[in-house]
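Protein chains in written order, with the UniProt record's numbering: chain W, 1 to 301; chain D, 1 to 348; chain A, 1 to 279.
Among the hints, erroneous ones may be present.
Derived DSS-like pairs: lysine-lysine, alpha-carbon spacing no greater than 27 Å straight-line [said to hold, decoys possible]: (1) D/Lys124 <-> D/Lys112; (2) W/Lys67 <-> W/Lys57; (3) W/Lys67 <-> A/Lys131; (4) W/Lys57 <-> A/Lys131; (5) D/Lys118 <-> D/Lys99; (6) D/Lys112 <-> D/Lys134.
Just so you know, these hints were derived from the structure itself, not from any lab.
Note that the structure is a prediction, hence the values are computed from the model and not measured.
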Amino acid sequence: MRSEAGVLISGQVPLRVRLAQRGLDGVTLLVLPAVLFIVGLFIYPFVYGLVLSFEPKEGGWLANYAKFFADPYLYTTIGKTLWLAVPVTVLNVLVSIPIALRVRLMRRQRLLTTILVVPITLGTVLVAEGLLNYLGPRGWLNRVILTIGFSDSPVRLIHNYWGVFMSLVITGFPFTFLLTLSYITGIDPSLEQAGAMLGARARQRFREIMLPLLFPGLVITFCLSFVQAFSVFPSAVLLGAPAGDTRVISIAAYQAAFEDYDYSMASAIAMIMAFVQVLIVAALLGLQNAFYRGPAGGGKG
Amino acid sequence: MSSKEFRQLRLENMSRDFGLLNALKGVNLTVQRGEFVALLGPSGCGKSTALNCLAGLLPLTAGSIWLDEARIDLLGPEARGFGMVFQNYALFPHMSVRKNIGFGLRMQRRPKAEIARKVEEALKLVRLEAQAEKLPGQISGGQQQRVAIARAIVVEPPLVLMDEPLSNLDAKLRLEMRAEIRRIHNLLGCATIYVTHDQDEALSLADRIVVLRDGQVRQVGTPEALYARPEHADVAEFMGYRNLIASRAVRAGNGVQVRVGDAVLTGVPVDVDEGEALAAIRPEDLVPMADGPIAATVMTAEYRGRDFYGLANMADGTELFFRSEARVAAGDALRLGADPSRVLVYAQ
Amino acid sequence: MIRYTSLGAKLWATAVWVIVGFFVLNLLAMIATVVVNSFATRWLGTWLPAAFTTRWYASAWDEFQLLDVLIVTMEVVGAVVLLSGLLGVPAAYAMARREFPGKQLVMLLILLPLLVPPITFGIPLATVLYKAGAAGTIWGVILANLVPTVPFVILIMIPFIQQIDPRVEAAARVFGAGTLRMFIHVLVPLLAPGILAALLLVLVRTIAMFELTFLTAGPTSQTLVVALYYAVFAAGVRAGQSIDAMAVVYMVTTLLWLLIALRFVNPTQIVTRAKREAH
Numbered sequence: 001m002r003s004e005a006g007v008l009i010s011g012q013v014p015l016r017v018r019l020a021q022r023g024l025d026g027v028t029l030l031v032l033p034a035v036l037f038i039v040g041l042f043i044y045p046f047v048y049g050l051v052l053s054f055e056p057k058e059g060g061w062l063a064n065y066a067k068f069f070a071d072p073y074l075y076t077t078i079g080k081t082l083w084l085a086v087p088v089t090v091l092n093v094l095v096s097i098p099i100a101l102r103v104r105l106m107r108r109q110r111l112l113t114t115i116l117v118v119p120i121t122l123g124t125v126l127v128a129e130g131l132l133n134y135l136g137p138r139g140w141l142n143r144v145i146l147t148i149g150f151s152d153s154p155v156r157l158i159h160n161y162w163g164v165f166m167s168l169v170i171t172g173f174p175f176t177f178l179l180t181l182s183y184i185t186g187i188d189p190s191l192e193q194a195g196a197m198l199g200a201r202a203r204q205r206f207r208e209i210m211l212p213l214l215f216p217g218l219v220i221t222f223c224l225s226f227v228q229a230f231s232v233f234p235s236a237v238l239l240g241a242p243a244g245d246t247r248v249i250s251i252a253a254y255q256a257a258f259e260d261y262d263y264s265m266a267s268a269i270a271m272i273m274a275f276v277q278v279l280i281v282a283a284l285l286g287l288q289n290a291f292y293r294g295p296a297g298g299g300k301g
Numbered sequence: 001m002s003s004k005e006f007r008q009l010r011l012e013n014m015s016r017d018f019g020l021l022n023a024l025k026g027v028n029l030t031v032q033r034g035e036f037v038a039l040l041g042p043s044g045c046g047k048s049t050a051l052n053c054l055a056g057l058l059p060l061t062a063g064s065i066w067l068d069e070a071r072i073d074l075l076g077p078e079a080r081g082f083g084m085v086f087q088n089y090a091l092f093p094h095m096s097v098r099k100n101i102g103f104g105l106r107m108q109r110r111p112k113a114e115i116a117r118k119v120e121e122a123l124k125l126v127r128l129e130a131q132a133e134k135l136p137g138q139i140s141g142g143q144q145q146r147v148a149i150a151r152a153i154v155v156e157p158p159l160v161l162m163d164e165p166l167s168n169l170d171a172k173l174r175l176e177m178r179a180e181i182r183r184i185h186n187l188l189g190c191a192t193i194y195v196t197h198d199q200d201e202a203l204s205l206a207d208r209i210v211v212l213r214d215g216q217v218r219q220v221g222t223p224e225a226l227y228a229r230p231e232h233a234d235v236a237e238f239m240g241y242r243n244l245i246a247s248r249a250v251r252a253g254n255g256v257q258v259r260v261g262d263a264v265l266t267g268v269p270v271d272v273d274e275g276e277a278l279a280a281i282r283p284e285d286l287v288p289m290a291d292g293p294i295a296a297t298v299m300t301a302e303y304r305g306r307d308f309y310g311l312a313n314m315a316d317g318t319e320l321f322f323r324s325e326a327r328v329a330a331g332d333a334l335r336l337g338a339d340p341s342r343v344l345v346y347a348q
Numbered sequence: 001m002i003r004y005t006s007l008g009a010k011l012w013a014t015a016v017w018v019i020v021g022f023f024v025l026n027l028l029a030m031i032a033t034v035v036v037n038s039f040a041t042r043w044l045g046t047w048l049p050a051a052f053t054t055r056w057y058a059s060a061w062d063e064f065q066l067l068d069v070l071i072v073t074m075e076v077v078g079a080v081v082l083l084s085g086l087l088g089v090p091a092a093y094a095m096a097r098r099e100f101p102g103k104q105l106v107m108l109l110i111l112l113p114l115l116v117p118p119i120t121f122g123i124p125l126a127t128v129l130y131k132a133g134a135a136g137t138i139w140g141v142i143l144a145n146l147v148p149t150v151p152f153v154i155l156i157m158i159p160f161i162q163q164i165d166p167r168v169e170a171a172a173r174v175f176g177a178g179t180l181r182m183f184i185h186v187l188v189p190l191l192a193p194g195i196l197a198a199l200l201l202v203l204v205r206t207i208a209m210f211e212l213t214f215l216t217a218g219p220t221s222q223t224l225v226v227a228l229y230y231a232v233f234a235a236g237v238r239a240g241q242s243i244d245a246m247a248v249v250y251m252v253t254t255l256l257w258l259l260i261a262l263r264f265v266n267p268t269q270i271v272t273r274a275k276r277e278a279h
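All chains should be modelled from the sequences, with the hints used to inform the complete structure.
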């Protein structure tokens, strides 16, 4: 391209043709409206929020952040959110693996996947309302507990940590499971057969073949599940104790914005929320790099 | 379990159902130590099912498998100690060539030094010393094939199973690897069961060929026997007897005479003496001759180097594949005939 | 696929199915509670309500102005589906068919709104929309909902377009079809199944999208799911059965469209988008 001939040619060829040679023609421009939209309504608000978070209502440019980390009512939300999101995600991922390994052998998977997609589709608000009834002191679950004789009085399962925990399992487990299943079914079954032919028992096959091949997918599954659980909002308000145990970080951000009308502070909390998520995801992806990443297919990939 | 010192592998009435479908109907077969047996048949004949049953990847629905006096069909695949080369090689993509080959030995918990030595030998055997540290994704298809073979044989299994191992390679590489597989088999002498749909591959590699059709054994024999004397018309068709002419057979001395249109051919009776019959002739055996009994008109002909091969029509429209040393062209009238020993006559 | 018949393997398999069964049982019981309660006259401390009635649906319809809410929901969902198709499909076509400088950056730009949870980017987005005066109106809600759905459509459509042989388009051009005619006669029929699947998924997701709508909606621009949230939030003000009647209306709406969508897409696609097919 930089040769003299190239220069000569580019001197004569119309601009349109030269751009087309670099892949910029009418078809490429079709991407522009969507890109402009995302820049305008995702990137710009994010940058705007970041800048706004450094323009507090009062005090220096770091005042919002200083206030957040000085006020226990605010900074403890990080710990409370992690205390919900991490155990739930670990549980969902750990339970998903053996179940997905089993379900992949099923011929009629579709019925199960359809049932599991229902809570994801219904969303957290509906699940929260359902669990308020179901887990409540007069709900069916407590009736079963009383009937069996597990406990003499109804077990308190709502308006506390466990209510939110259960709602995150109900919506989070299907999400985690379906992701895990799609990664597991992407692994060529003949690899496991080859392992068996070479004398590897079920446990060895899992450790030596399935787990290393599944690991990159599991990390991504964990990240996506964690990020979802970390941003829990409606069920923390409806099913939890929004002023106590389940005062998660999104509640703090929401209250700053829509109850105190302090958009600057709200933006700062949103940025902290994003930062914690990025930190955890980055740590996990770093961990993944220590392992193999590559095609999970046969030799040719 | 994993010793080469077995005398024979016996399949007794080995059967496998898939729901209503019978994939394998009572296969009986004995494989001797060191033998190279090819399971040959068209796709869907049950040959891959048979191999998977042998491997332990599919449970049998009836029958049994014996290694000498030990019954093995109830063992899981990892307990049988067989080697297997998969159609898509099934190399572990996250392990280097060396790790792939050493996998079986590691599972047997052999000492490190022994593993290293045996893997080195196997690498040398398949000539992949230079590729030892690469990942499977970084080497060519032919090299992946060699790794798959090395991985299967390094544990010195009593039996090696190969599932159409050459079907993913191009024609030139296929010939090369065919010679390679034969060389390794001659060197190590472990019994091998080789599944293929390619009769050339089976003929050139195997000591014995088992022809399967619809889940049943149709014929077992040496390559020579199968080539020269298929026992059934369908086996003959599969082995390259492209001319299968429906006719009536009449006993004549040691042979039979069959009526082909107006002509009369003399042939060898395989399983019929009189009555409705099929005359089977290879295209290369049906040649123009001055006193040939069959009058036909050439429809198409192509030069294949040395000889011409073509398609001719008889007056009644019967199509015949033939060979000719002299140039022939569409429209030529020919008289075709075949050596009576090369005309096989089967019951229809 | 190796199946084992040993005792340990059977116990393991049984344990797995017990867990799945327990989960599904609780899930169905939770949904059943809502449905049963919505038809209950009085349900206090018994297995089943004293008697059944349908009057809560009439009262929920009036109390929560469900007609207005449903109209708003339909308007929002319709506009989001249409606009995300119009913005997303051409962009996916360009991404699938052209290599251009900065393509990776564009891909990252498309992935980000799907990876960042809505509540995180929703707060700054709502702030900007309030400054611009769009928040509180139906257009604010539509714009906010488009942020994840446009990338979603692009991601689903890219592999779908890639698997259509570009030579089909080339052939159409060789036979003299202009760009517009090629688009109408060749591309649209080929892309229709993919577009249908993508837009149905957008539809289901938008009905259930709580966070973005919640952060940007005003009193007159609430969708069903946000109205349901406020009703549950203010529980005690109204009869629980009335709230559950509304919840059932919401469930029926969502699941109806989910059923329609599942005729065209695989359930796992709702979660995995197009990741698996992407390579």
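Worksheet item: Given the hinted pair W/Lys57 and A/Lys131, is their alpha-carbon gap at most 27 Å?
Response: 16 Å, holds
Discussion item. Next pair to validate is W/Lys67 with W/Lys57; report whether the Cα-Cα distance is within 27 Å.
Written reply: This hinted pair holds, its Cα atoms lying about 12 Å apart.
Fill in: Straight-line alpha-carbon gap D/Lys124 to D/Lys112, limit 27 Å
Holds, at about 18 Å.
Fill in: 27 Å limit on alpha-carbon distance, applied to hinted pair D/Lys118 and D/Lys99
12 Å, holds
Worksheet item: Is the hinted pair W/Lys67 and A/Lys131 satisfied, with a Cα-Cα distance of at most 27 Å?
Response: 24 Å, holds
Worksheet item: Are the Cα atoms of D/Lys112 and D/Lys134 separated by 27 Å or less?
Response: With Cα atoms ~20 Å apart, D/Lys112 and D/Lys134 stay inside 27 Å; holds.
The structure meets every hint from the earlier list without exception.
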